[in-house]
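There are 2 protein chains.
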Amino acid sequence: MQPVVILSFSAVAAAFAFAVYLYFWVKKQPCENKRILEVSSLIRAGADTFMKREYGVLARFAGAAAVLIFLLLPEPIWNGRLSDHIAVTAAYLAGTVLSAIAGKIGILVAASANGRTAEGAGKNLKTAFLIGFRGGSVMGLAVLGFSLLGVIAVLLITADATILLGFSFGASSLALFAKAGGGIFTKTADVAADLTGKVELGIPEDDPRNPAVIADNVGDNVGDVAGMGADLFDSNVAAMASALVMSQALDGGLGANTAMVFCYAALGLIASIIGIACARVGKKGNPTGALNASTYTTTAVFLALTAIFTCFFEGFQWRIWGASAVGLIVGVIIGITTDYFTDDSKPIVKRVAHASRSGSAFTILSGVSYGFISALPAMAGIAVSALCAWLLCAPLGEGYALFGIAMAAVGMLSIVGMIISNDAYGPIVDNARGLAEMGGLGEETIRIADELDSAGNTVKAVTKGFAIGAAGLTVISLLGAYMSEVNESLSALGKELLTGFDIMDPTVFFGILIGASIPAVFSAMLILGVDKNAQRMVEEIRRQFREIRGLKEGKEGVKPDYDTCIGIATDGALKELIPAGLMAIAATVLVGFIGGPSAIGGFLLGNIVSGLLLALFMSNAGGLWDNAKKYVEAGNEGGKGSDAHKAAVTGDTVGDPFKDTAGPSINTQITVVSLAASLLSGLFAAFSLFG
Amino acid sequence: MQPVVILSFSAVAAAFAFAVYLYFWVKKQPCENKRILEVSSLIRAGADTFMKREYGVLARFAGAAAVLIFLLLPEPIWNGRLSDHIAVTAAYLAGTVLSAIAGKIGILVAASANGRTAEGAGKNLKTAFLIGFRGGSVMGLAVLGFSLLGVIAVLLITADATILLGFSFGASSLALFAKAGGGIFTKTADVAADLTGKVELGIPEDDPRNPAVIADNVGDNVGDVAGMGADLFDSNVAAMASALVMSQALDGGLGANTAMVFCYAALGLIASIIGIACARVGKKGNPTGALNASTYTTTAVFLALTAIFTCFFEGFQWRIWGASAVGLIVGVIIGITTDYFTDDSKPIVKRVAHASRSGSAFTILSGVSYGFISALPAMAGIAVSALCAWLLCAPLGEGYALFGIAMAAVGMLSIVGMIISNDAYGPIVDNARGLAEMGGLGEETIRIADELDSAGNTVKAVTKGFAIGAAGLTVISLLGAYMSEVNESLSALGKELLTGFDIMDPTVFFGILIGASIPAVFSAMLILGVDKNAQRMVEEIRRQFREIRGLKEGKEGVKPDYDTCIGIATDGALKELIPAGLMAIAATVLVGFIGGPSAIGGFLLGNIVSGLLLALFMSNAGGLWDNAKKYVEAGNEGGKGSDAHKAAVTGDTVGDPFKDTAGPSINTQITVVSLAASLLSGLFAAFSLFG
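Chains as they are written, first to last, in my numbering: chain A, 1000 to 1690; chain B, 1000 to 1690.
Careful: at least some of the hints might be erroneous.
For identical chains, the list gives no copy identity; a pair is met inside one copy or between any two copies.
Think about it this way: if two alpha-carbon atoms lie no more than 35 Å apart in a straight line, the pair counts; the simulated DSBU-like pairs of lysine-lysine are [stated by the list, open to error]:
id, residue 1, residue 2
1, K1531, K1558
2, K1629, K1349
3, K1574, K1345
4, K1629, K1531
5, K1629, K1574
6, K1349, K1574
Note that these hints are calculated values from the structure, not bench results.
Excised from the complex, chain A in its bound form (with noise of 0.2 Å):
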């Protein structure tokens, strides 16, 4: 262990030397334009107040948590021992407190690179890709960081893979509403500005008369970057901690495999950092390709430092590093079936735009149709990935065929790094091209921040694939995580182990039914939220409209009131988020005191096999609507103005809360369930009506 242990502390410090160096690196960046500066700052302090204001509300539920799991876990406190109930606590609050700290590093950095890049753009396009695209990586280097020094601490410390789940839990109760909040907040600022704006009156998106528009750029980073930020810090926790479980169990306490899963890890954040660095775009090159050529970069070093690990290191199998490779690639391959369905230059965008000329109904039912195809090859390419991973590890001995899967998530997610840049880029140009039409930078500088915009979209529906296969990939490994947790339980009842979980058992059959409805009804949740959320502040921008004089015709000096937008926005999140979480969390519950372990084993697969599948669904049909519109707005079917262009702007505002809001909130919520599963795994066993 000893070496793996300093290689990763090693990775960990240099991350986060790197991340520090690059921090100021975009800080040195010239940013003198006065209305950028101010827009900007009105960015900033939008952000801040819906931080501050998301922060207390979760502190106070993450209280409210530590309370209940201080007294029940692992198991009720009048029949534990004190210091484990400390310790699983104390483990839950450094994952919410790591999750929140690493979000909030990608806001303040995101908030101050926005304008630089606007003003890069201002210079050219290679300046400007440099800017944005470092000021995410910061934040990349910070979530993969933060999330290693997390892991291996707790580890280190307790030595018991179990405790590891509570802080798992906490990061991922942290990004469910951190991703459900932001997510309203982003959309409910974007569907209500581009209704009133771009619909109602004409007026170009990013417009600075229109009352929603800083909101809408303070959504983009509350939603986009801290948002998706505790998403796939949550993910790499949970792959990670699930990993560790098992591989604790095969070794018996820290061994070769254990040392395997942090050597991955750490050769991972080695591999984006390399990436990161590679990153440029010639003067008038290609942004898209820049993006995607690092993450190849990444991949490629990944595989090839851990095979040279492999190959050295004592007790390393080579069929699991195999596991990791088929996870990998498998999750570039989603990225890349994403692509196809949502990038403007492949035939489904066209055709969808292509069905706007018909009218809007025709826009939405071409996209619901290909959103669901969208979802068969990235399912079975995670069916595919967890049977390859699992026939390549089986021949190792028990118990490896599981772990062989949960380091197909890994390996998944060992370029997290460099896919947290790449999304984190996408606000940061967004917010950037509209600082540079507030900030009046000339129409050659909108056009580069909009190319960098463009690429920033095609590149986060890859992300997003990415994401949300790699949640795939852990959120089975952690039903390996649940059974070993709740036989340790039953164990201890003196109960009968349970082997594994029968479809024809009714109580498990049960739990499927169940699980697979909750997800449905999570979403349909949180779009509702949106969608009552948004409809309050259409009244707002219209009343603005209405009352303001001067304001529709663009008098010199008469503002809108942002700021009253920016409070709709952060109020009805925080009313509308946590009825979302609590539901998820409620009905784990509910479905365990009466089915018991069984159901909750079939509850855990309802819930990700439909998880997966709307998950797909609503990312990507959300991306080909938006890209769709995108299309329309380029010149084909009509352009701008036409009837095609407004059915394909009711596609893109239907497919918003899909794609942004529900889709990859989705992903948390399994995540949050899973781990929750097997956190209470020992009062299921002990107490349930059917079970």
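Following the hints, complete the assembly by docking chain B onto the known chain A.
Frame of chain A; chain B shown alone:
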């Protein structure tokens, strides 16, 4: 067995006699308006053309399938006995033929009842209701009679329930294509007629100037009458077949449990006859109430009769009666919850109508959300009824638990005669409304026809929920039938038997993920089929209005070319229905040969779970949008012509293929795949890559 056989044959004879009586009663009603006679013969001719061509295509498909079945089932012909092969093939063909005849009868009577209902509405509500309902009942009784007759004949002749699976497969493969083909036809015409007529030209629904109006009315018949009849014929046969496979295993031949299946089915038929005979509405009464009252009557009669027979027959078990009762009651509850989400006197429809004020994107978003939420109660209902049936029957001994679930499905489907009657009533009165409009029967008549039509729509949503619930329970028991079939093959091959399908087995998991994707892809193919086809028809309608002089103005003697529109709907439906059906079967075969019998178990589970979820979502969201539009048209939220109305029409257009094409076809897709898996289980047991 003997008394039960006599009872069954008597019930079948009574059903047929009653159906013939009702048919002639309908025929006796006056129908004298020339215009109605003319249009109604146009509708009949259109339906005939479509059915002839559809059955022509299906006959070729069934012939090819019969050859494959003859060569390969129950095992490759070079291993088996010739007589078995002949029996399975003959049973398969009998299943397709009976299903086709039942559909044909429905069309026949619906096409003569529609005009008479329209004229009856000229007299009063009471008469018109009776004609419409009794017309529908002929179909209901025919379907139920043929299904019981077919099942009992096959079982008495062959005494082998596996052969019965062949019969059931025949019924369901025909149903798959009838439902999908009819569904594509009806929605092609409906969507195209609405888009060009209502939206573009602002002429009323069913305006005779619209070239698609006859095709639209034909569609109601081929989609809702023939298609829904084939669907429920199939579910009913499949439920009996799977119950009989298990009862034979329990009885070791024909015994008390087998007798119980037949007895309950016969009593269901008798209860339906009584329910149909009792249906009445006062002169100013409420038709929805009348339809629901007969459903409740049938339910009560069934429960009472089965209780009496269970009391007096030797070997009939009360616990099994309990399972049937649970199934039936849960079916009714599912119907009621569906009603809550789709009835325009309840809050959900009003909310969606209200959201339409903000634009069509909000109509879609809120409809999708409530559609998702509406799946939960039905899924939970199915889960709970399966769990209760299991818990009730498990104490009777090994094998009884699954038999209990099968009997819950039989119980739920026992009132299917009543359900089909209600369902076929819908298109008859829908047609009648159109005929009243086209025949110029005056406003009061149209108002009465409207009232009848609205009751049809409300009841349709409920029956659809019921049909999906019944299919859900049926396929769970088919999963049990599949396991006993596959174990028979495995034991013949000397391989290890399956004890269940463990989620943690990677081949099972592989199957689940692929199986879950299939209903999504299947629905997408059907929706895209409607989409493509409707666009072709829209072009044609626009052409006619452009080129036929005086058509738009409604000049005396100028008629549109109805036949070309019927031709487009027919050709398109036949072209699009085959690939979707084949895709589902091909996926089954592929997964079976890759992953073996366990993977197929998982595949079926994934298919059931995601299929139920999507079917409920799409049927309910579609019904919701339909009624939200009607609610706006009734003068709410701005009424006809307002922006809210336009948005609501978009919702309805999206909902049409959801609720009438994809949603209800998924049922059949699941059944077909389940039966194909059972029939092919011998092949999968013998040959597979990783099984």
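Cross-check of the supplied hints:
In this assembly of identical chains, K1531 and K1558 lie within 35 Å of each other by CA distance solely inside one copy; the values are 26 Å within and 48 Å between copies. Proximity of K1629 and K1349 under a CA criterion of 35 Å is satisfied in both settings, with 10 Å inside one chain copy and 34 Å between copies. Proximity of K1574 to K1345 under the C-alpha cut-off of 35 Å is restricted to the inter-copy arrangement: shortest distance 25 Å between copies versus 40 Å within a copy. Taking the shortest alpha-carbon separations for K1629 and K1531, both the intra-copy value of 26 Å and the inter-copy value of 23 Å come in at or below 35 Å.
Taking the shortest alpha-carbon separations for K1629 and K1574, both the intra-copy value of 32 Å and the inter-copy value of 33 Å come in at or below 35 Å. Taking the shortest Cα distances, K1349 and K1574 sit within 35 Å of each other only across copies (23 Å), while inside one copy they are farther apart (38 Å).
Of the numbered hints listed earlier, not one is contradicted by the structure.
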